[in-house]
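Enquirer: The lines below spell out each chain.
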Amino acid sequence: MSVLFYIFSAVMLVFGLMVVLNRNPVSSALSLVVSFLGLAALFITLNAYFIGVIQVLVYTGAVMVLFIFIIMLLDIKKEQRRDLNYVAMGGGIIVVLALISQLAILLGDFVPGNQQLATLPEGSAVHQDVKLVGEAVFTDFNFHLQLLGILLLVATVGVVVLSRRQGRADRSQQ
Amino acid sequence: MTTAFIILLLPLLAATTILLVTRTRPDVSAYVSVISAAVCFLLTIVLLGDNGSVGSFAWLNVGGLELKIALEITGLTKGMILVVTLVGLLVHIFSLGYMKDDAGKARYFAGLSLFMFSMTGIVLADNFAMMFIFWELVGVSSYLLIGHWFRKNSAAEASKKAFLVNRIGDFGFMAGILLLWGATGEISFSGLGQALDRETFDSTLLNWAMVCIFCGAVGKSAQVPLHVWLPDAMEGPTPVSALIHAATMVAAGVFMLAKVTFLIAAAPVAASVIQHVGALTALVAALMATQQSDIKKILAYSTLSQLGYMVMAVGFSGFVYSGEVIGVSASNAGFFHLYTHAFFKALLFLGAGAVIYACHHEQDIWKMGGLLRLMPVTAITFLIGTAALAGLPPLSGFWSKDAVMAAAQNNTLLLVVGAITAFLTAFYMSRLCTIVFFGKSRSVAAREASEVPLVMRVPLIILTLGAVLAGFKFAYGWFINPAELPHPEGALPLVLSVIGVAGIVAGYVIYSGRDKDPIRVKAFARKFYIDEAYHLLVRVFQDGLAYVAKVVDQLLIDGLIVRGSARFTSGMGSLLRGLQGGNLQSHAFLFGLGVIIIIYLITITITSR
Amino acid sequence: MSGQVTIIEFIITIPLVIALAIGCGGSGRGLALFAAWANLLLGAIVFAVVLARGGGDMHFQSSHILLDSPELTLGFAADGMSAILVLLTVIVTFCAVRISPQQPGKGSGRLYYVSLMLIAAGALGAFCATDLFFLYAFHELALIPTFLMIGIYGHGREKVATAWKITIYLGVGSLILLGGLIALYVQLSPTGGLTFDISKLAPGPGDHPLSAETQKWIFLPLLIGFGILVSLFPFHSWAAPAYACAPAPVAMLHAGVLKKFGLYGILRVAMPLLPEGFDAWKELLLILLLGNIIYVGFVTISQRYLDRMLGHSSVMHMGYIFLGIACCNSIGWGGAVLMMFAHGISIALLFSLCGSLRARLDTLEFTRLGGLGANMPFLAVTFGFAAFASIGLPGFANFASEITIFFAAFREAGELGSLQVVTIVALWGVVISAVYMLRAYRRIFQGECIGNLGAADLEREARLPVVLMIVILLITGLFPNIILKLVPDLVGTL
Amino acid sequence: MPTLNEYLMVSGLLFAIGFAGVLMRRNIIIIFMCLEMMLSAANLTLVAFWRFGGGNGMPADGYEAQVLVFFVIAVAAAEVAVGLAIIVALFRARCTVHVEDLNSMKG
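Chains as they are written, first to last, in numbering that gives the first Met the number 0: chain D, 0 to 173; chain L, 0 to 608; chain Y, 0 to 493; chain E, 0 to 106.
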């Protein structure tokens, strides 16, 4: 079981790094897709099957498709060798390293963190987590769900308006 | 309302009516002023009868402070009030003629009445506070009168100078009053007298107080350090000089010192200061007078020198003189000289005014000459006045100068200085008379001079009578006890009269028939360059210091603190603006940095607890 | 007395109501004149009544509770000192409105009269408020209108900069003062509950609830705050340029009336509530007021413009009032209050004449002026009166107050203490003020006439305020007991 | 079996990589992607804590964590939609995707 964990986390991290390092936006988008798949797998190892599936379904399926669509729409070329902004580079690396070192120090003395992942007994409720999560969402968090619905509606209207505004702005520019 | 209050307030009433009502009709206002002066003179004759305090008005009282406008009549006041009102009336009458066709005639007479009001205020005052009030009012009225022809720059400068120098004197005077009030808690003269008898006060404080009060007298009576304003005050009309700068105002200082002789007696150091300043003034003024060519300037310096005499005499009050304290009698000598001097100096000034009026406002003696034949009455009265001033025996000058010299006779230095001054006085007066009256006329104006109208001659004649008779006992006996006058010993009177005659003869011999001044002593003519020294002093200390203060004010306080803080805040503002660059990454970077710092802080607090 | 409307409330609301009326459309000067006349009348009545009843205790009391927890009452009352200052305010406001023109600036001039009314209301409110909060609030009311007036209707090149400077400077001053007042109100509130009412904050007859040390450190911000408002020595650089650039009525109101708020504050709030506090800082105050008299005096002598000189001279005279306060005996405080009244009227008179001169002449610079006395006789005579009044000529109120203050400093002074030495040096200020005032008078009205030959004399209807102020100065100068009778009783209760 | 610390370390690394991408890259699309990575890293941490919530390796009994992750993902989706619309509008207006040129918000 731990072997799988290491494989999937390695996949996720390497492809995550590829996203950042890649010149070509399309290849970085695709590497992000793979990284998200790795992540979904990790969710599965944590017995959060519903979340794993949603991750694949929503993120990898919808979001990345949208990204690639936009990249193609705006046909953004491979990035030319613009002069590297060393200050930003240096700053970025420093902050990231500080973040990682701080994390390491913290996790060092985070006692509850050392507990091993126990395999679930057969027939434990966790396996029907989709049903349980569904119940939770539609009973305790019903109101939040409606809110979420409205939010998504607003987002779609926003996108429509933005793109349409775009149309009229073009006309005024010519 | 007692008669004293009427005498005090009538001139003020006249001045206000002139200012408010009859401003547009000069002749009416002139008569209003003259009538008020005449009524005051008549009332003073009535007033000479009673004694002691006559009425008081509680002007200001708060907490423990009681300032009153209280009037009292003592021997001194009687003598002085007579001089003030008599000379005042005569000057008023003389001015009717002298200022007949002057543009600001109403303003002039209002100023004269205001002056009479302030002068009577000083004379009748029974406490220092009231005297200080009228001291300043007299300063203002002399400012108005000297600056009568204010269109002339020189007159405007002269009046400003007179007021400021007087103001410096008032500064000292007030300091002295405050010191006395602090020490004794008394302001009125009688109160101070009783306080002195009751307990002895710390002598250094008393000496300092008396020096300060003398400083007030120096300012008003133009003694040496503060005498520079008197010669310039001749810019004013001549009757003004006659009234103010000969008889009354300048004598106020001596009068005040005479009133507080008991204080001077209690402050020996201050007394010696007073004597020496008086003697110095007498000598210096006499020297300067010998070289002046303006008739009024000569008389101004002669007034200065006579004042020096009076101050010296008053300074002697309380000095032991061979066994018994001559005390009051010394200041009486000073006051006696003041009394006689008022008459013949006013006579000389009015005479000079008549001469100037006749020579169409010509003041330079070298452009006059041979006026004896042309203006007999003025000339004769002027000569009698000169004789009185020089101290020839029968006249009043002789008696009072003897009394003064007698007061100083045990102090050989001052005696010698007094004698020299007596000689010089006689010398410059005879110089003046020979040039102006004898010999031949030196200019067209002098040749056509004619006798002045009657209204100007009557005051001259009355004053001549005063000058002749003032010296005898019956004239001064009713306000100074003849017994208390210091008696000159031995040959002093004889020596003095010989010096007087010698001076006159010397003057006549040197100056008869000359067209220009044979003796040229630049130092005396230029008034020992004191004016220039003062000018420099004012320029350096006052204007220089003012300029420095202004620069400091602008640089230090305004620039550094006020603008400095303004610049600091705007500087901080622009510094912080740098952080608001539009760059996305820098925002993210700062965001990240903030997170790390917060985590770091949290971890420290967790681990440290 | 509380409950129904008292005269004091009436006096304060009139200018506010009129300001409102002018704001929404009334004729500026007409309404302002009505308010000025009404206030003058009422002010005189208040003064007469308080004079009749003795200045010791509070009259015309009225209070409206606004808040309970920190007990906040919109209360007004007038005792001796407030009555005097109310009279001063109404007189100066009347004269300020009289001499302000029908068409002040380019615009309709409504803002001009609204601001004037607000300044007047601010001053009146501040002088009668019985609690700390409104004492401070009313003074702040007058701060912004002054800024607007100097900025918009002022004269001179740097009028906007000066407007900013005075506002920020007084703003900082008020801030420091606020700090002090809050400390005072928090520390001194009786155990019952926090209260703004000055009478409740006043310490009882027993020993003072606060230690001398705390009193000392609470008194400092009050002294500096009030000092800035009164242009005490190191904080005086805002005053002269502001009065020089301000239109005449604002200069009259600010120099004549609003500056007295600082001194009133010290006498009403700081001294009675923190007696030991004052003693701690007395030596410092003596040095500062000497700076005011001598240092600013010399700066005044060096001025070359009439309006700047008058601005500086008003700063200089503040030194004398502080000297009066520093004597801490009833003579000194009586002299100080009388000086406040006298200086208020005389500086207002001087600024109104300076305003009329500025309107007539092309410049106020001394070197380019001369000999105007002949063709402007009325102005020459009245400026002469005003100049001699401010120098301290006997017969005017300034002299009476100066002499009271000097005598106060020497009360039972056997030997020369620090107060006496400071007073002797301050006495030299009398000569300094004579120097610059006479130099100005000589330059403008005497000597040959250099320019401005066509300058006409003051028109008839502008003469009333000038004559009124001179008459008032003379009356209080000849009979100072009218004012002084009100003050000592009050001092007794402090 | 993997321990909680390892999961946290992994999600931390993912977050760091995402953050590095945001800081270093100048193409706004890439930055947007890295943003998504950071979000999902947070989700991973949430689920990890849920899984180990019950103590010694057992999952917590309530499912609030998963509901929260579900909401986060939903909101992220909406955010991506709006974000990309803005990027498109931006591209049309400025014809560039480089962050340095887009600094009109300068103070």
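Each hint should be verified, as a subset may be incorrect.
[What the hints assert, rightly or not] Derived pair list, reagent style BS3-like, types lysine-lysine, alpha-carbon separation capped at 30 Å:
no.	chain 1	residue 1	chain 2	residue 2
1	L	LYS366	L	LYS549
2	L	LYS67	Y	LYS484
3	L	LYS526	L	LYS515
4	Y	LYS281	Y	LYS199
5	L	LYS439	L	LYS549
6	Y	LYS215	L	LYS549
7	Y	LYS484	L	LYS549
8	Y	LYS215	Y	LYS199
Derived from the structure by calculation, the hints contain no laboratory data.
Enquirer: Would you mind confirming whether the straight-line C-alpha gap from LYS215 (chain Y) to LYS199 (chain Y) stays at or under 30 Å?
Expert: holds (20 Å)
Enquirer: Checking one constraint from the list: CA of LYS439 (chain L) to CA of LYS549 (chain L), max 30 Å. Satisfied?
Expert: Distance of about 59 Å is beyond 30 Å: violated.
Enquirer: Do the alpha carbons of LYS484 (chain Y) and LYS549 (chain L) lie within 30 Å of each other, as the hint requires?
Expert: Status violated; Cα separation ~40 Å.
Enquirer: When you check the alpha-carbon spacing of LYS281 (chain Y) and LYS199 (chain Y), does it fall within 30 Å?
Expert: holds (26 Å)
Enquirer: So if I understand the rule, the pair passes when the alpha-carbon distance is 30 Å or less; does LYS526 (chain L) with LYS515 (chain L) pass?
Expert: Cα-Cα ~19 Å, so holds.
Enquirer: Below or equal to 30 Å on CA atoms is what counts here, so check LYS366 (chain L) against LYS549 (chain L).
Expert: Distance of about 49 Å is beyond 30 Å: violated.
Enquirer: Between LYS67 (chain L) and LYS484 (chain Y), is the straight-line Cα distance small enough, at 30 Å or below?
Expert: Status holds; Cα separation ~16 Å.
Enquirer: Please work out if LYS215 (chain Y) and LYS549 (chain L) have their alpha carbons no farther apart than 30 Å.
Expert: violated (33 Å)
This entry does not satisfy hints 1, 5, 6 and 7, going by the numbered hints stated previously.
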